Amino acid sequence: MAHTTVEHAADAAAFIQNQERTRWHDQALWFVRAKRDKAARAVPEWEQLRALAGQIKRHTLAHLADYLLQFEEQALRHGAQVHWARNADEHNQIVLEILQRHLVRKVVKSKSMLTEECHLNPYLERHGIEVVDTDLGERIMQLRQEPPSHIVLPAIHIKKEEVGQTFHTHLGTQADATDPNYLAEAARGHLREKFMAAAAGITGVNFAVAETGGVVVCTNEGNADIGVALPPLHIASVGIEKLIPRWADLAIFTRLLARNATGQPVTAYTSHFHGPIPGGELHLVLVDNGRTTLRAHDVFRESLCCIRCGACLNTCPVYRRSGGHSYHATIPGPIGSVLNAAHDPRTYYSLPYACSLCGSCADVCPVKIPLDQQLLYLRGTIAGAKHLPLAKRLLMKLTSFVMQRTWLYTFAGRLARWWLPKLPRFLVYNRLNAWGKQREIPAFPKKSFRELYQNRQRHGQ
Amino acid sequence: MDSKHDILNTLRRDPVPDTGLPALDGPWLTFEQPLDQFREVLAAVGGQSLVAAHEGDLPHALAQLPSFRAAQRVWSLVPPVASVGRDWTTVTDPHELEVLDYCVAPGALGVAENAAVWIAHPTVPHRAALFLAQHLVLVVPGRSLVHTMHEAYARIPPGQTSFGLFISGPSKTADIEQALVIGAHGPRSLTVVLTGTDFPASRFSP
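Protein sequence lines correspond, in order, to chains A and B. The opening residue of the first sequence carries number 1 in the working numbering; numbering runs sequentially from there. The opening residue of the second sequence carries number 462 in the working numbering; numbering runs sequentially from there.
Between beta-carbon pairs, the in silico distance windows are:
1) B:P527 / A:T4: 54 to 62 Å
2) B:N470 / A:H127: 27 to 35 Å
3) A:Q19 / B:V512: 46 to 54 Å
4) B:G546 / A:P317: 50 to 58 Å
5) A:V428 / B:A640: 40 to 48 Å
6) A:L376 / B:D467: 31 to 39 Å
7) B:A504 / A:T178: 24 to 32 Å
8) A:D363 / B:Q621: 35 to 43 Å
9) A:N430 / B:N470: 54 to 62 Å
10) A:Q19 / B:A504: 35 to 43 Å
For the record, the hints were derived by calculation from the structure and aren't laboratory data. Since the model is a prediction, treat every value here as computed from it, not as a measurement. Glycine included, C-beta positions come from ideal geometry on N, C-alpha and C.
Starting from the given sequences, assemble the full structure and let the hints guide the process.
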């Protein structure tokens, strides 16, 4: 069977067919980026916070086994139950087993990239359990049977007219309704019913504190809080990289997260769970699913410091103009390109090339992951492992051959300057020349830089 | 081998260089007028603030809110303010709180930099009330204001209550074309009443 690879450029080409929409998407994300800049500049110690956040995360990774054990010990002391899952299958089985033991048929879930990564929803649905995503953006995507296109703004690629159609079909709102207030009110009513009927709540976790054994969940809508305040059963899925050592460290991360994500001073709700609701149960599922492998790698380890703020997506010129779906990954954008290509370079070989190496992602990262350097490094390993398509491989071989020989490079340049302007248009601007798509090749100068420089040296001017 | 030990053994097998756990000693942001800062940020995140010099002034302060005057079901956890509709302390199933128009709850401290208010479990018997009520009022002593989250976490005893949270503004969403909608799932409005605010500014010093 042929291996299916993700071809980012092909899907991006489809996305930018609609130029007006591409521009709208680009501007919507840039607006978020601009709000982020404003919020960051209002904090004089911003750079200090970033440095500290990075140091705390890197230190935690070095002692992760100890901190996980400390976390477990403290969580047990508070009456939580702790489970360990090596991979997505184990995670899903643990969650299903807890739900079945409590005869749960209906579950509400707040945003969790980890449960997306594990494909928990379809798994539970196959076993007859109704799972309702309660974050408004995620609910829109769930009703549309589409994956989220952004880790913080799941429906950023959808227009209000489309939300109106989706709600008209599923929630019975007026046809052609487009007012966000009206649509959000309809969703509020619809989801209240789901909250009232649910027998368990599932959440992700933003931070897990080793010192106290508690988990912290951040939302703006309050959906995680309602979801786990009504039923007696709360299951929280925790990636093992979510650990931080101390209670006081939360100040660093809560100051950074919302400001960097959306430009808010903090999320509307920052909830701290130490043990179950009175009379209920709290289950914490600690998940590896490839994280120990990433941790062992000297370059990719850094990517585990990510706190999922989404700022690298908002700032990325490629993400903004190609849309989250073109990455075909739970986590798109620069951090997603690193995580997915590091985990499965064969499938995701094209993602590190969905990058202009501008470095803006690394500049906005709250924990200072050198994302651009990681993407460049990945290009090297992907080319080395021969995951690139033959045409690209041969072209790179040819380029390398030419660039290693000064005389050949000089000759090829001279030939191009003389020959290319004389060629008919269709020979220069065609399918083979990706650089000629949507733009004109600059006019060729008469002389190369090298020739101009030699002239100057010779004639002293 | 079970998953726990498998994960831990893998982590121990691959040593990772440690750069040390940094001290968190600032200096951090401070404000000349933390009260003004708090109120300004609260307004920016969609909330509103009132001041009441004494706790006894609370009912009068809240009566300024038309929706509070009209409320039929109010659960007040702050004594001078009366509950309305029924004796909510007899509620055993939190689902019953879905009908609440207003919840009035005590906040332990406020944070000037982001208008967050800390509320911990024992002061609110059913935490669902904080999220299900159509409107939320938090009563916060003005003296409890701190500048930043660093001070806030330093004052909160870690892990002593099963649930505690910061609330900054009402429930909100921007998931439909980035248009801000107040009242996503939780309260449609948040009013913070700052009590006893006629105290010297020096009380704000860290």
